[in-house]
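Engineer: Residue strings, one per chain:
Protein chains: 2
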Amino acid sequence: MSCSDFNAKESIKPSTFLNPVPVVMVTCGSMENSNIITLAWAGTVNSEPPMLSISIRKERFSHDIIKDSGIFGVNLVSKPLIKACDYCGVKSGRDIDKFKELKLTKYQGKTTGIPLIKESPASLECKVRQIIELGTHDMFIADILDVHVSKELFDAKGAIDMQKADLVAYNHGEYYTLGQYLGFYGYSVAGKEALARRLRK
Amino acid sequence: MSCSDFNAKESIKPSTFLNPVPVVMVTCGSMENSNIITLAWAGTVNSEPPMLSISIRKERFSHDIIKDSGIFGVNLVSKPLIKACDYCGVKSGRDIDKFKELKLTKYQGKTTGIPLIKESPASLECKVRQIIELGTHDMFIADILDVHVSKELFDAKGAIDMQKADLVAYNHGEYYTLGQYLGFYGYSVAGKEALARRLRK
Chain A
1 MSCSDFNAKE SIKPSTFLNP VPVVMVTCGS MENSNIITLA WAGTVNSEPP
51 MLSISIRKER FSHDIIKDSG IFGVNLVSKP LIKACDYCGV KSGRDIDKFK
101 ELKLTKYQGK TTGIPLIKES PASLECKVRQ IIELGTHDMF IADILDVHVS
151 KELFDAKGAI DMQKADLVAY NHGEYYTLGQ YLGFYGYSVA GKEALARRLR
201 K
Chain B
1 MSCSDFNAKE SIKPSTFLNP VPVVMVTCGS MENSNIITLA WAGTVNSEPP
51 MLSISIRKER FSHDIIKDSG IFGVNLVSKP LIKACDYCGV KSGRDIDKFK
101 ELKLTKYQGK TTGIPLIKES PASLECKVRQ IIELGTHDMF IADILDVHVS
151 KELFDAKGAI DMQKADLVAY NHGEYYTLGQ YLGFYGYSVA GKEALARRLR
201 K
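Protein sequences, first through last, are from chains A and B.
Residues in the first sequence are numbered from 1 upward in steps of one, following the numbering used here.
Residues in the second sequence are numbered from 1 upward in steps of one, following the numbering used here.
FYI, nobody ran anything at the bench for these hints, they're computed from the structure.
Where hints are given, some of them may not hold.
[Claimed, not checked] Mimicking DSS-like on lysine-lysine, the simulated pairs with C-alpha atoms at most 27 Å apart in a straight line are:
#1 B:106 / A:13
#2 B:83 / A:164
#3 A:164 / B:79
#4 A:127 / B:13
#5 B:13 / A:67
#6 A:100 / B:79
#7 A:164 / A:110
#8 A:106 / A:118
#9 A:100 / A:67
#10 B:100 / B:118
#11 B:164 / B:83
#12 A:110 / B:13
#13 A:83 / B:164
[To be verified] Partner residues are not named here, just some residues of chain A that face chain B (Cβ under 7 Å, in silico):
#14 134
#15 149
#16 151
#17 178
#18 185
#19 187
Glycine is no exception: its CB is placed at the ideal position from the N, C-alpha and C atoms.
Please build the complete structure, drawing on both the sequences and the hints.
Structural biologist: Below is the structure:
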């Protein structure tokens, strides 16, 4: 196996240097009074039951809405959504109705009643389990109670093809599409048959 | 703003559907007895002080090592490292010495003493603050105490250019490079000058 040859490293100030990270549009509130906040401090934290966490600054408009209601939506971000996504990260729901301003379509998750974004390729309904105060941010640990996937992402056999979602990642303050497919989990030890079948271009 | 037109969605079984997520090589143990475990359930959780979380299955070899020592390293994964990264996710440190097997170079973090991977473009020294049992996984919330960045990533002005790191993301069970640069945080409301300067190709 060939590995990169990064030689000497330099110590910098401790910082949030984990990269790349997700970027998601989190929805909250009611169908009548909804908000969208863009977050990159988000991650999967447990497989069974499926759980994720999001971290929100205490002073953000969505913080108390989610704290009070105990539910939120996580809407994955595709390339065509990225400008709206960025906008929802810099503008406050105290000042504008982001759904209206961005002409995004609202629909209601049937499991929690949370508003979700129709234009997102996949939306997760989440219920807060625990809130942990960490410093600038509070971490909301939540159960994923329902997952909505766009019909466009299913292939002829009913499998989900995530390449069709054209998802975006956040890397050191910048947004990027996903690029070259490198392999699947377990490919380094897979047999020839699995490699031939799954190492598609 | 034009948005994608994903129309109807289908509800699937609740699952860990947040995508893309990071994929990192977590180092643990001592300089003499080290291990590497690949994790995708990782995320930044707080800005100040800088903190991240990783989630590990209780039965994994690295789980107790990190629980007992209270420290671990997070090594970011570049494209040339991806096969080694995948291998560290499927093989157990109970059976093999992964540093030796993969011919990776070990060096010691000066702040915590944790072993780190030289070939990784950036390595973070982390100290566990809290462990939360969630189900299949335990979540380790940790302070980021030191960040090591490869000198190759600094540009002439001393700024860090993360595109040079050629980082990999994990998307629904598959590894991808980062692709097209779409914009920077705040670009949707930035002035002409900032756009001209920062919306590079």
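Engineer: Holds or violated: are the alpha carbons of residue 110 of chain A and residue 13 of chain B at most 27 Å from each other?
Structural biologist: Given that 27 Å is the threshold and the Cα spacing comes to 14 Å, the pair holds.
Engineer: Holds or violated: residue 151 of chain A as interface residue toward chain B, Cβ cutoff 7 Å?
Structural biologist: 5 Å, holds
Engineer: Is the interface hint for residue 149 of chain A satisfied, with its Cβ closer than 7 Å to some Cβ of chain B?
Structural biologist: 6 Å, holds
Engineer: Run the distance test for residue 100 of chain A versus residue 67 of chain A: straight-line Cα separation, threshold 27 Å.
Structural biologist: It holds: about 24 Å lies between the C-alpha atoms, which stays within 27 Å.
Engineer: Let me know if the C-beta of residue 134 of chain A comes in closer than 7 Å to any C-beta of chain B, holds or violated.
Structural biologist: 4 Å, holds
Engineer: Residue 83 of chain A and residue 164 of chain B were given as a pair; does the straight-line alpha-carbon distance stay at or below 27 Å?
Structural biologist: Holds - the C-alpha atoms of residue 164 of chain B and residue 83 of chain A are around 24 Å apart, at most 27 Å.
Engineer: Check the hint pairing residue 13 of chain B with residue 67 of chain A against an upper bound of 27 Å on the C-alpha distance.
Structural biologist: Satisfied, since the Cα-Cα distance of roughly 26 Å is no more than 27 Å.
Engineer: Are residue 164 of chain B and residue 83 of chain B close enough, with their CA atoms no more than 27 Å apart?
Structural biologist: 19 Å, holds
Engineer: Residue 127 of chain A and residue 13 of chain B were given as a pair; does the straight-line alpha-carbon distance stay at or below 27 Å?
Structural biologist: Status holds; Cα separation ~15 Å.
Engineer: Within 27 Å, alpha carbon to alpha carbon, are residue 106 of chain B and residue 13 of chain A?
Structural biologist: With Cα atoms ~22 Å apart, residue 106 of chain B and residue 13 of chain A stay inside 27 Å; holds.
Engineer: For the pair supplied as a hint, residue 164 of chain A and residue 79 of chain B, is the alpha-carbon distance within the 27 Å limit?
Structural biologist: Holds, at roughly 22 Å.
Engineer: Is the hinted pair residue 100 of chain A and residue 79 of chain B satisfied, with a Cα-Cα distance of at most 27 Å?
Structural biologist: 41 Å, violated
This entry does not satisfy hint 6, going by the numbered hints stated previously; all others are met.
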